[in-house]
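Enquirer: As a plain string of letters, each chain reads:
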Amino acid sequence: MLNQELFITIITDISIWFVLYLIVTVALNLQYGYTGIPNFGMVLSVAGGAYVTGALAGRIARLYYSVGTDLDFVADSAKIASMINDRLATDPLAGIALFLLIIVIAMLVNAFLGFIVAYPSIKVREVYLMMVLIAAGEAIRIVGENYYPLVGGTTWVQVPNVFIWLGDSQRIAVSVLFVGIAFLVFLLVQRIVGSPFGRLIRAVRENETVVESLGKDTVGIRALVFVLGSAIASLAGVLYAFHSHAVMATAFQRSSWTFLPWLMLMLGGKGNNKGTLAGTFLLIIVRRLIMIFKYEIQQFVPVEAIWLELLLMSGFLILIMIYRPEGLIAEKPIKIRDLDYQDMADTSARSGESNEGGQWVKWQLE
Amino acid sequence: MLPAYVSGAIIYSNLLMLLSIGFTFAYLTAKVPNFAHGGNAAIGIYVTFTLVTVLELNPYWAILLAFPICGLTSALIYRGVIQALKRRGAGLISLSIATIAAQMLIFASVNIYADYMRGIAGQYARVFLYRNQDFEVMGLPGVLLVSTVLAVTIITLLHVMLTRTKFGIATRATVENADLAGTLGIDTELVSLISWFVTGGLAGIAGTLLPLWFQSTPYTGALILMSVFSASVVGGMSSIYGAMVGGYVIGLTEVLGTSFLADRFGSWVLPYRSLIPLIAMFIILLGVPEGLAGMAEKINIGHIRRSVFRPSTFVGRGGSPDA
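Going down the list, the sequences are from chains A and B.
Yeah, the first sequence ends on 366 if you go by this note's numbering, and it's all consecutive.
Yeah, the second sequence ends on 1323 if you go by this note's numbering, and it's all consecutive.
For the record, the hints were derived by calculation from the structure and aren't laboratory data.
Since the model is a prediction, treat every value here as computed from it, not as a measurement.
Below 25 Å or equal to it, Euclidean Cα-Cα: the simulated DMTMM-like pairs (lysine to aspartate or glutamate) are:
1) B:Lys1086 x B:Glu1189
2) B:Lys1086 x B:Asp1179
3) B:Lys1031 x B:Asp1187
4) B:Lys1031 x A:Glu326
5) B:Lys1086 x B:Glu1176
6) A:Lys332 x A:Glu212
7) A:Lys274 x A:Glu331
8) B:Lys1086 x A:Glu206
9) A:Lys332 x A:Glu206
10) B:Lys1031 x A:Glu206
11) B:Lys1086 x A:Glu331
12) A:Lys294 x A:Glu5
13) A:Lys123 x B:Glu1176
14) A:Lys332 x A:Asp343
15) B:Lys1086 x A:Glu326
16) A:Lys294 x B:Asp1115
17) B:Lys1031 x B:Glu1176
18) A:Lys216 x A:Asp338
In isolation and in its complexed conformation, chain A is listed as follows:
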């Protein structure tokens, strides 16, 4: 059944990419959509997660099984990985333990990295934060592409296949597992933004001075959210590395891991996770379609697919921002219990105001 095989390939492929980008976009939504931190260096955390996986997964497994310790980790990484995979094939527990251990390490490392990067600029002007984050995103690429022992510079390192013991069902099982992880992340962020803390961060976004005057430490809150978002985004890098069984520094470009998540967020609608989900899904489908029909497209437009894609995406982002700045699904204001919206609407109607507040109340009543 060739068709079924193809169908499974397409579905798993789309779901993996969807999951990776969903995690990044949800993290970005937490940072920018809810808290108003302009993270233009998302690639920093994603690459950070992948680098941790590439640099540590093989080394830890090598130590644990003490195989191939005399080989060069980067140059012979394929050989080492296959030795480790032979052992992992009969050792599911070690595989799972390695997977979880790397996730924990990557999240801790990237939380720390996020803290270091944001610390000098999060309390000064917004513009400075943007510039520092853009520069930091470039910096991690420069380090990754040049520091050979990390993930092999412009070559790559092999990552052990921690799910090899699943055998033939591996592809589907891993997709299901990753979808589950993304779902958990989504729920976690949804819980965070639905909690009182979620209201607090929205307040920080809207008016820092007011929040400050109520005795809250806005710098601390912004730093906390940034660190949390960095840790979440690094998860995408880890999953990417474990999925593709390799880490290549050149794969972590600004266009695909900072710009694309921003586009997804702006398309779906910032400040609400359902919109983020919709935006991510739509763009993943479009992107995959471009990739699948690459050759057909190139017959009409003699341009390499990656530049054509970037051209279309950036033009599209500008159009969305001009014509539909709230995205596909607009953010809904928070509904507060015990507040009489009908009464407020009447008052504002009586006073003949057509201001934003009145509009907001009307919105609540819908």
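Take the given structure of chain A and dock chain B to it, following the hints.
Expert: Here is chain B on its own, set in the frame of chain A:
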């Protein structure tokens, strides 16, 4: 005879100065950081490429050609994107993303152009260096002289324009308080548009001279933007004189610092060159977030105090300039 790395440092500082003046100036008038600034430099680089490799002309003609091309690109970004968004009440962050989108648009276009040119110029359309196309004066590379003369001329022109002409006064008023300037009949949007045209053109000029000394690729524009950020932060993002000094400080630190470190620790340091401006930016933000112009303001240096742009735009966290 100057050692090559000293020439390189001076050339780089001159070009970086032009770029960071432009970045700061565009930011001050429109209150939007132009992240597409590196894109304009990339266009400039490819203007030189086209003239030298395809048309086989002297690379210096590119200066004349790149100024209007990059200026128009920049003005188009302002008119088509920034103004459209501002009219819809977009905030600082949205405007900044839009300039990043514009940068990506330019980046993709430049790459498409480079791929297209591959058919004509072969492999060299993606990585090129034109040191051998340059002339020499008394053993000094021509681009060293040209970039220095250009930098001095442009700064003088800018200074005269800002202090002696009516348009300059309107610009300064817009920088200080756009709303108030508007009530006095100054078309602040026009002022911003013109300043984006000029700064885009300057970025283009800086771009045209880069391939005469430094290896250039479609990526160079994005990479040099890191140094531009750093130079502008050192300058305080509040005065074009600050940006001028910042450009020189970062340019010299970056090039000379890299050669020094490479001498000391070996050539493996060289690829990490772009990390130096990042580290410098961190140090400045931790120590003196208001930059050199703010420091000068504090210690009350008369000359800079009367400078064109007083650092009154510096506000603490929460008071974003577009509020």
